[in-house]
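**Q** My numbering applies: residue 35 is where the sequence shown begins, and numbers increase by one.
One or more of the hints may lead you astray.
To be verified - Cβ-Cβ distance ranges computed for the label pairs, FRET-style:
no., residue 1, residue 2, range
1, R562, L489, 17 to 25 Å
2, K430, Q601, 39 to 47 Å
3, N446, K244, 49 to 57 Å
4, E513, Y582, 49 to 57 Å
5, K205, S144, 51 to 59 Å
6, K590, E513, 16 to 24 Å
7, K123, Q370, 16 to 24 Å
8, E487, P206, 50 to 58 Å
9, N383, E535, 38 to 46 Å
10, L489, H256, 34 to 42 Å
11, Y283, Y335, 52 to 60 Å
12, K522, P381, 43 to 51 Å
13, E218, L187, 38 to 46 Å
Quick caveat, the hints were computed from the structure, so don't treat them as lab data.
Positions of the beta carbon are idealized from the N, C-alpha and C atoms, including for glycine.
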Amino acid sequence: MIYFIIMERRKMKKALLKKIPVVEAGIKDKQYMELCRQNYLMKVQKATVAHKRTLILNLYDAENIIKEQYQPFCRIFFSNRDFITYFIKENRWSIKTLDILEAEKGKFISQIAIRTYKEKRSIQQFFHCTDDAVDSIQLIQIEQQKRKAEKSLKRKKRSIKDIESLFRSVKPVTGRFEKWLEYEVLKESQYIFYQYSRRKMIDCTCSHCKSEYQLERSIPRHNKEYVCPICKRKSIFKAKGKSGYFSDYSEAVKIEKASDRIILRHFEVRKSYAAHGTGEYTLSYHEDYRAVFQEKFHFYYPVYSCLAHKNVWKEKYIDPYFHYRYHLNYTIKAYQTITQMPGMVYPYNLKNVFKGTPFEYCSLDYFVKNNRFVELPVVYYLKTYLKFPLLEQFVKQNMFYIALECLYQLPNEWEETKETNTRHFLGINSRYCSILSKYNMGIREWGVLQKMEKLKIHLSEQEIFAYCKIFESNRDFLELNQYASIRKIVNYLAKQIEKEEKGKAYKLSGDVSGISHAEMKCYQTYIRSWKDYIEWAEKLEYDLKSRYVLFPKNFKDVHDKTFREYQKQQDKMERKKTGKRKKNCEPTFEERYKTTGETNSESGLYLKSSWKLSGNPKRRTGVRTLCRKLYPSYCQSGM
């Protein structure tokens with residue numbers, strides 16, 4: 035604290051500087067400026083301010099001096115370690131150097147004259163310069179740059195000390211943390227190395243448990259997944275002749291507490307495997323940036339400091355438009371990585387780290403406990419919790435997928451809510467809430483359940499899960515319940531798909547865990563086609579209460595036939611509309627003026643009788659007569 039008081043005393047006191055009397059120019063200065071043809075005049079003044087020697091440089095505009103306006107427009111104050119410029123009319127202060135100082139906006143100060151040798155000598159004496167060959171203006175600029183560099187250096191040193199004191203409580207990583215990185219963060223980095231041989235049994239080595247065993251020659255295949263028979267962990271086969279050098283990469287986050295702050299440390303972790311395929315690897319990691327929360331998030335990254343001769347932490351300003359700069363993949367990834375801080379969270383210190391902070395009840399420890407191997411955007415999680423405290427309830431009720439979706443796309447109306455009960459907030463009954471929790475469903479599935487409750491559709495838990503799986507949580511198909519139950523519709527479509535597409539029939543009451551993406555798209559195409567068929571049948575006034583109309587035996591043929599009938603009906607209706615339009619429309623130009631032989635009293639036009647567009651060109655004078663009456667100025671110009 036004493037350090038900052040000393041620094042405050044060293045600053046130049048503006049109130050005292052303003053009180054120093056102003057030196058005006060005179061007639062001699064006017065005569066001198068008329069002869070030297072310089073833009074500005076500088077006059078030197080000395081004073082003692084707060085027991086400090088102060089040099090004052092008064093700047094005058096040459097044009098004003100010639101007009102006998104002798105007041106300076108700005109004053110530059112120098113102390114032993116600082117300088118500052120004061121513009122009198124604008125009443126503003128500046129710390130710009132003389133070479134980039136502006137008298138007005140866009141008008142830089144240049145070509146400055148000093149009239150007397152005594153003033154030049156005063157400048158040299160103040161700056162302790164003994165070389166008379168040095169130009170006084172150049173000397174002023176050099177001293178300004180020197181003082182700015184000194185202030186910048188002090189500012190950097192002070193910043194380094196402040197950041198070092200901030201991170202003083204951060205401890206080096208422990209062996210337990212390293213084991214967590216190796217066996218949990220890089221859990222997927224498991225390989226079984228084998229040497230291909232024509233023998234019946236092939237020697238294999240597991241990279242995780244280091245066990246050596248033999249497998250039948252038909253089992254190992256390069257890059258094929260397999261479960262190690264010893265450690266029972268999922269692994270990937272790697273042939274020693276094909277593998278070469280490769281590495282796996284992941285990210286991790288460790289949260290620590292420092293007095294009233296939360297420090298988030300982001301690590302890049304890498305497992306590198308040797309080229310000879312023995313299963314040996316090296317684990318490497320480094321801390322690439324940190325985030326500190328105190329009222330808001332501040333981000334720091336390591337850089338090498340020439341002042342401290344070591345790596346130090348420096349604060350990074352996050353530009354909100356950095357994400358869109360140049361639209362490069364690297365800039366987008368860097369922005370997202372820094373602002374989100376993705377990675378697996380170290381779980382063993384989360385119980386006590388948030389105590390006494392705004393995140394005390396954020397339930398991040400419960401989320402990590404139940405999702406140990408999920409890469410989580412930690413900064414987004416904490417920011418979202420501050421905006422939307424109900425996130426805690428979603429996590430505690432095992433609605434993890436909804437919680438994750440809130441981190442990336444939180445609806446605006448959710449931020450403004452004051453509701454504390456999740457069931458009332460979601461607007462669904464307790465049964466649907468338990469289904470959301472049991473199957474870890476997301477916001478789209480919540481919309482499906484909301485619409486089911488509104489339309490009074492009754493399905494079992496298994497059927498709801500199957501519907502969301504097959505139709506990818508599309509709510510629009512639920513409206514078909516007015517024609518038949520969703521259960522009947524899906525069962526009917528399953529039979530048609532099995533018959534026409536030779537595919538597997540999936541029912542809502544059956545197991546749909548093995549359904550492929552192509553099969554889901556097939557079901558969605560069929561239900562859209564059935565929806566179109568029902569709409570056409572309704573407009574054609576078919577009996578939609580009939581089971582034979584709703585569920586025809588050959589759906590494809592009936593669908594196409596109904597479409598053709600619907601198209602015919604639409605064409606017929608269009609022809610009727612066209613006929614009515616022709617009857618109701620006004621007569622054409624030729625019909626209107628074909629048989630009239632009278633003068634129109636309103637427009638004064640003479641309408642020639644028995645006039646036609648087709649026929650003898652000599653008889654087409656009616657057009658010219660009409661045009662001359664309508665557009666006389668245009669016709670006179672050359673028609």
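**Q** Next step is simple, just say for each hint if it's right about the structure.
**A** Structure-based check of each hint:
Distance hint check for R562 and L489: the Cβ-Cβ separation is about 19 Å, which falls inside the suggested range of 17 to 25 Å. For the pair K430 and Q601, the supplied restraint of 39 to 47 Å is violated, since their beta-carbon distance comes to about 56 Å. The supplied range of 49 to 57 Å is met by N446 and K244, whose beta-carbon atoms lie about 54 Å from each other. Restraint check, E513 to Y582: a C-beta distance of roughly 22 Å breaks the suggested window 49 to 57 Å.
Here the CB-CB span from K205 to S144 is close to 57 Å, well matched to the stated 51 to 59 Å. A hinted range of 16 to 24 Å for the beta carbons of K590 and E513 is consistent with their spacing of about 23 Å. Checked against the given bound of 16 to 24 Å, the beta carbons of K123 and Q370, roughly 49 Å apart, lie outside it. At about 54 Å, the CB distance of E487 to P206 agrees with the hint of 50 to 58 Å.
Roughly 55 Å separates the CB atoms of N383 and E535, a value that falls outside the hinted 38 to 46 Å. At about 52 Å, the CB distance of L489 to H256 disagrees with the hint of 34 to 42 Å. Range check, Y283 to Y335: Cβ separation about 19 Å, and the 52 to 60 Å hint is violated. The given range of 43 to 51 Å is respected by K522 and P381, whose C-beta atoms sit roughly 48 Å from each other.
In this structure the hint that E218 and L187 lie 38 to 46 Å apart at CB holds, the actual value being about 45 Å.
Checked against the numbered hints above, the structure breaks hints 2, 4, 7, 9, 10 and 11 and satisfies the rest.
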